[in-house]
Structures are given as C-alpha cells and as structure tokens.
Amino acid sequence: MKPAQFALDTPQSASEALALLSDHGDSAKVIAGGQSLVPMLNFRLVTPERLIDINGLEDLAYIRENDGVLAIGAMTRQQEIEASPVIAAAAPLLAEATREIAHPSIRNRGTVGGSLLHNDPSAEYPVTLLCLGAEVEVASVRGNRTIPVSDLILPWFSTTLEPDELLLEIRVPVAGESTSQAFEELARRKGDFALAAVAVALTFGASGAIEKAAIAGTAGRCAQRLTEAERALTGEVPTDSVVGAVAAAAETEIQPVGDIHADEDYRRHLVALMTRRALAKAIGDRAGSKED
Amino acid sequence: MTGERKISLRVNGRQHELEVEPRLSLADALRNELGYTGTHLGCEHGMCGACTVWLDGKSVRSCLMLAALADGAEVTTIEGLAPDGDSQHPLQAAFSKHHALQCGFCTPGMIMAAADLLQQNPHPSEEEVVDWMGGNICRCTGYRAIVRAVMDVAESGAAPPASDPEPEPSSVG
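Chains as they are written, first to last, in this note's numbering: chain H, 1 to 292; chain Y, 1001 to 1173.
It should be emphasised that the hints constitute simulated quantities derived from the structure, not laboratory data.
In silico DSS-like pairs for lysine-lysine, Cα to Cα no more than 25 Å straight-line:
hint: 1; chain 1: Y; residue 1: Lys1006; chain 2: H; residue 2: Lys2
hint: 2; chain 1: H; residue 1: Lys190; chain 2: Y; residue 2: Lys1058
hint: 3; chain 1: Y; residue 1: Lys1006; chain 2: Y; residue 2: Lys1058
Here chain H stands alone, though its shape is the one from the complex:
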C-alpha cells in the first residue's frame, strides 16, 4: 500500500457530504474519479486525514440543456462527455478537448468536476471552460453560490473553492448557430500532460467578420483569457495577417512557466502555434458549414 492511512466516508447524498465537509473540510479531500488524487496519494504528495468519496452521489452525474444553458453535473465522467450528442451540439469545444485527456481508461473514471477543481495547469477543462465563459454552482451547509470559472481558478493547482464547499454543477452557455469552437494542445506523447494548450470560441457576423472572440491559453502556470489576442481578432475578417497578429499577441501575453519539459520561450512559441492551429480549425469549420 502506497498512500498514508486515511479515514474514508461514503456519503450517499449531497447533504450528507456537505455535513462531512462542514465538520472535516480542512483535513479532508473529496474523491471523485481519483485519477489525479490517487497518484498524489500514492506519491504521498497529499496525506489527508480523511477522504470523502462522492461516487455515491449519482444524481450529480447528468448532462442537460435548458434555455440556452448546458448544465453538467460535477460527477459526470469524462467518457460520458466525450460520447454525448448534447455536448457535441451545445459545446463542441468540450467534446474535442475531452478526447485529449489522458487515455480512454482514465476517462472512464475521471470526472469533469474533479479535473476542473484539480486545476492542473496542463488540464483541458480549466482552459476550455474559461474560454466558454462557464460558471459553477457550489454548495456548503452555509448555502449555495455561483462562481464564474474566471474567478474560480488560480495558479498552481489552486481554486477559490472553500474547504467546506462541494462542486455541484458546471454551466456553459450553449453555442449559437454562428459560432465555431476549436481546441489545440501539444504533448510530447499521446495522452501526456500538454506543454501548451489554446481554446477558441468565435462568433461570426453576416459579413464574415468576427463579432466576438474568446481565446484562452495555458502554458505551465494557469489557464488565462488572452484578451489582447481577442482584441486583435474582434471586428476583423480573419485573414492570414490578422491571424498572425492574434498569434503574436497570444505569444506576448501568455504567462508561461518553464521546466525540464519545455522552457518559457518554447512554451510561448507553442501558444502562438496552438493559437494559429485552433483559429485555422475554427475558421475552416465555419467555412465548411457555410458551404453545406
């Protein structure tokens, strides 16, 4: 056995889980799919006194679309997101990014909520949900609150979730008719941690110009909106020179962290390259759908 000893609770309802978090939040970790937490336990990078297993909270696993909002339960497995026709239509970016998460047997267990809150700088959900303008609903015995993903995620695997809070739901605005989304990341080996990733969501106007551009990137520190890149694209017809200017802006404003796998300059270069590739894909998809 590799992990240090811990106590295990297996609540069967959200209210039971919240009561446990209220009593033990500071010394407990919630375990959902466990695909990041169990390796950390095995390495003893974390040694919680207690694990609160929320796999019994089956009513937190769902994908629903209602009034222009896609609602995803925190316990929804990544494999379910990958396979969902609702997600494919309402947030194609999420479906595309999910296919890049590790490997199929990891996605069978891993959850959307667990991956978002683990907030690994190389993870797919923080950067895509930030790009999509998603928000989350969290609960504690003190009550519920809604947090935009932009206010949830912090650098270095941190979030603004309080120790007694539980993530219930992720809400994403449904993609409109004239939008196009794309995701690009680069990892040295299939399924490995990405060195850099970029997500784009574009809304096209009737003239072919881009009315609204959301671009988010990550390169070793934390997912961030690339607002200068967005500004360089908004209102423009995406010609090669415009795309070049957008990529240059992304390269400048990304805050990379270098390590043994890739230094800061290389990660900046990759963010520019992923921006170009994601834009080419999103613009190409848009052109293709207009021809249909």
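Please arrange chain Y on chain H, whose structure you already have, making use of the hints.
Chain Y in isolation, oriented as in the chain H frame:
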C-alpha cells in the same frame, strides 16, 4: 474509519467478500488478497496501463482505483477474459501468433485495453488502434507487433462483442 471495511467484489463471475483498509488499491486487492496475479503493477500512478482491468464492463486503471470504492462492482481481469479457463481469448491467440510480447509484463493490460476497444468498436482503423493503445506502455518496444495483433482480431471479427455481464464462475482465484 482508517480500519478495515467489508467490501464485496465479483471477479470474473465469482463473488468475493473481503476486508480492506481504505488505502488499499483495487490492484493490490486483486493480486495480494484474492490471488489474481495476472493483473500487473508497473508505475502505480496511472501512466503505464499494465494494471488495466474492467470495472462494470469498462477498462480502468486498477492502481488508481481504491478497492473500497469498487465495493459491489463487477471486475474482469485477464484471467476472466477468455470464455472458459483453458481457452484463449482471440486477442491472446493473436498476441501469441504475432509475437506481440517479449517480456510479457505489459501484456495483461494491453489485452484488457484492446478488448475494451474491440467491444466498443469491433472494426477500428489502424490509426484508432494506435491512438487507443497509446495508454499502455511497453518497455520492450514491441508496438508494431501489438498493433498487428489487435488489427488481426479487428479484421477477422473474432473478438466477442460485449463482455458477458454474468459469466460462469471460473476456477481461478
């Protein structure tokens, strides 16, 4: 509690009741408590895929699964993949035919992963096989033969479609 808790696992159709510490992995429970030593542990942090088993019909990393969290689940290991104890699953026969193993350490995980692919997608392209098998690492660098073996089964259509949810009790374990 940090103490032992009672769980039940149905492994390859056979029911087991056992007491486990919360920190015991499903892999260690299968190998050390129940004797299903066909499941191999390589990295023990989810990178190598050697410990791949099926949990309720889907492939998972048994090193990343706490045994206590598998309480009540149906587990399939390499010992239970063939329809009966003495025969070979078509993938096992194909791995043998194509020399798709050298030391064989990664093979149980390779076969459990490939069998999950074929039950979902009986006729994958070579690209899909390569993509899927990227989750399993072979240190003998035998990937070409592994892909050939999986493609042989995919092209011959020999793999049984979905796993039988209630297979006959086996003699293993």
